[in-house]
Each structure stands twice: as C-alpha cells, then as structure tokens.
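Undergrad: So you can see what is in the structure, the chains are spelled out below.
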Amino acid sequence: MKRKIELYGRLRDAGLGSSVVVDLPSPVTARRALSILKSSFGPQSVLLKGCALATGDEVLSSSNELPAGRLALLPPVCGG
Amino acid sequence: MRRLISITKSRLDPAALSRAVSAPKHGAVASFIGIVRSPHAGRRVAAVSYDCFLPLAEKELARIAAAAERRWPARIAVAHRIGRLKVGEASVAIAAGSAHRAQACAACRFVLEEIKLRLPIWKQEHDARGAGRWLAGCALPRKRS
Chain A
105 MKRKIELYGR LRDAGLGSSV VVDLPSPVTA RRALSILKSS FGPQSVLLKG CALATGDEVL
165 SSSNELPAGR LALLPPVCGG
Chain B
42 MRRLISITKS RLDPAALSRA VSAPKHGAVA SFIGIVRSPH AGRRVAAVSY DCFLPLAEKE
102 LARIAAAAER RWPARIAVAH RIGRLKVGEA SVAIAAGSAH RAQACAACRF VLEEIKLRLP
162 IWKQEHDARG AGRWLAGCAL PRKRS
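Protein chains in written order, with the working numbering: chain A, 105 to 184; chain B, 42 to 186.
The following block holds chain B by itself, in its conformation from the complex:
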C-alpha cells in the first residue's frame, strides 16, 4: 500500500490529505491542522523555523502512520512542513479515514501525539527582530538494547 507521508518545504495541502484517505467504506475522515501562532507563551512570534534530521524523520513518520493503521482500521495521510513558516501557515496536517468517527478521531490524535514524542524535528520561534528561541521538547525514546 502506498504510504501517504511527506516532510516538505512546500506549503501543505490538508484537503489533499483528506481526499487521499477518503474511500466508499470510510464513513469518517478526521483531520488536524497545526498552525503557527502568535503570541506564544506571552511572546509575539513573527515566524517559526523547523529543523529536521530528514532520513530518520521520514522513516519515523512512516512508522507512526503504520502503527496507527495497525491499531485502528484506518488509513492515514500526514505531512509535516520544515523550513521557515509565517504565522498562520500550516506546520503539520493529518488525515485519518475510517469506517467510524471514533476510530478516525483516535487514529488522528495518536499520530499527532506520536509526532510530538518521537519525530526528529525542532522548532525555533523568531521575534520581529529576527532573534530565535528553540522551544523545549521531549527527549527521544531510545531503542531497547
């Protein structure tokens, strides 16, 4: 089955992801769009830069989607933006298609939470003067020995 995964410098197209997981047997499509916002933590944000260890991130995102598809009878499409984004631009988009809403919503939420925990991507907020601040994150889970 073709994986609907991407990590890209291009603008995201959430509607295309929803279309990609739509099927006659899917009575529900749940979607999530993460958007660069301002202010954040009391600071005005002008832009956000996403750094990425691409070879691992692409594999990890595919693993996350595959794990969701194993856990729920769902089809997942997910895209994460990297590079510099302005406020209001989409940074991550997820679509989960399934027969029922509970499964679609649960699978979509799972993918988002796993991205937060294990995708090797880092976020740097920039203020109006261009000064950057890396945001705190989650230590990566290590492979079991």
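Bound conformation, chain A alone:
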C-alpha cells in the first residue's frame, strides 16, 4: 500500500521534498516502515538516525502498527 510520509527539519534537505511516497505492507510496524524508508533515502539514510514516525496525535513506538491517516517522519527536535 502506498503511504505518504511527511518530512520535517533536516529531512527536508535530503532532496526528496517535503514528503515521500513509499510502498509499505499492511499491516506494518513503525520499525519495519523505518527500515523500508531507509532504502528510499539511499545515501542520505544517515539522516534517519534518531528519527521517529508519528501521527498527528502521538509519536509511534517501534512495535506500533502504522495507523491510517497522516504520518510524519520526525528527526530529533530542537524547539525553544
């Protein structure tokens, strides 16, 4: 199933734009989805270190299955 995943922060510099569309199995855990995303990033996959998948409500744990709806890939945060 094709899923759109929004990119934020340093991930916007990966040359992939503000989102990527990846083909993911369904159901799929966040851990497995991150592994698949690494291949989409190719040589830029180092940017995924410390990243987490999140919905508009919460950051997903590695074992969570990806829910339907909006998904984002979030690098380490730096607010304030």
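Quick caveat, the hints were computed from the structure, so don't treat them as lab data. The beta carbon of each residue, even a glycine, is placed where N, CA and C say it ideally should be. Some hints could be false.
[Stated by the list, open to error] To list a few chain B residues with every Cβ distance to chain A over 12 Å, as calculated:
(1) A69
(2) S79
(3) P114
[To be verified] Pair by pair, the computed Cβ-Cβ distance ranges are:
(4) B/I74 with A/V126: 22 to 30 Å
(5) B/A64 with A/I140: 50 to 58 Å
(6) A/G146 with B/K66: 56 to 64 Å
(7) B/R60 with A/V125: 45 to 53 Å
(8) B/A103 with A/G173: 14 to 22 Å
(9) A/V126 with B/R112: 37 to 45 Å
(10) A/G173 with B/P182: 15 to 23 Å
(11) A/G173 with B/H167: 31 to 39 Å
Put chain B on the given structure of chain A with help from the hints.
TA: Relative to chain A, chain B alone:
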C-alpha cells in the same frame, strides 16, 4: 479550563501571557522568553527558521502545560513562534502563575525543558549569505508499547 497555548507565525506577546496567568490568588508569575541570538556556536546568525509538525506540536504543547499544572498548583500560558525570525525576536514565551515563587519558577522551567525534549519543532540557523544549518536536537521519546 481554557488552554493558553499557541504555536504561531505571529510575533509573540509575552506580557499578554503573564497577564493571562495572573490572578488574585497568584502571588508569583514566573516568565521565560527565548530570543534568537547571534553569534551562536561561534557563527554569526542572520535569522532562524522554525519548522513544525503542527497537529502533533499543538497537542504536545497542551500536554506539557497540563502536566505542569498537574504537578504544581500553577496556571501555564505558553507560545512558540514558527517561521523565519530575525535576531532579537522572541521564539518562545512561557508564563507560570502560582501562589508562591518556587512553584511558579519550577513550573516555568519544567515547561521549557519539556519543550526542548518533546515538541516537534526544528531550528535552522541562517548566515548572512542565506545558507542554512539545522541544529542538532533530542530524539523524540516514543510511546510505550
């Protein structure tokens, strides 16, 4: 109770936050204003851009304020700016009103530290030529399975 939370592209008004948490029973209002500075880490900074995953950030900021209000008898108001800011502009403003100074200061500090740890916002510094550099941050804490 109305939440005094905002993530905005507009200029922040710290005095309004302090007024919002003021009450006859509050003998103390502690406030914090984070300001874009230059230089930083030995580099001259012309501006800073804040990127944000807004739907989660708004919920997370409300959770942080609610956690502070559960932990201390305090009222919290907090605002975070996003978009491009010049040096000298306020990026974050927090006000905590409470009966006593220790509680107000502790609650204000708590909100700031939690913002640094868990708010999905990212900071990119720009130099005078416009080149940007994303600052390192904290990996987000994940939900327990």
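Undergrad: All hints, please: hold or fail.
TA: Evaluated hints:
1. A69: Check passes; 22 Å lies beyond 12 Å.
2. S79: 16 Å, holds
3. P114: 25 Å, holds
4. B/I74 with A/V126: 22 to 30 Å: 41 Å, violated
5. B/A64 with A/I140: 50 to 58 Å: 52 Å, holds
6. A/G146 with B/K66: 56 to 64 Å: Check passed, 59 Å falls within 56 to 64 Å.
7. B/R60 with A/V125: 45 to 53 Å: Cβ of B/R60 to Cβ of A/V125: about 46 Å, so the range 45 to 53 Å holds.
8. B/A103 with A/G173: 14 to 22 Å: 19 Å, holds
9. A/V126 with B/R112: 37 to 45 Å: Given a distance of about 40 Å, which is inside 37 to 45 Å, the answer is holds.
10. A/G173 with B/P182: 15 to 23 Å: Since the Cβ atoms of A/G173 and B/P182 sit about 21 Å apart, the hinted range of 15 to 23 Å holds.
11. A/G173 with B/H167: 31 to 39 Å: Cβ of A/G173 to Cβ of B/H167: about 33 Å, so the range 31 to 39 Å holds.
Going through the hint list in order, the structure does not satisfy hint 4, though it satisfies all others.
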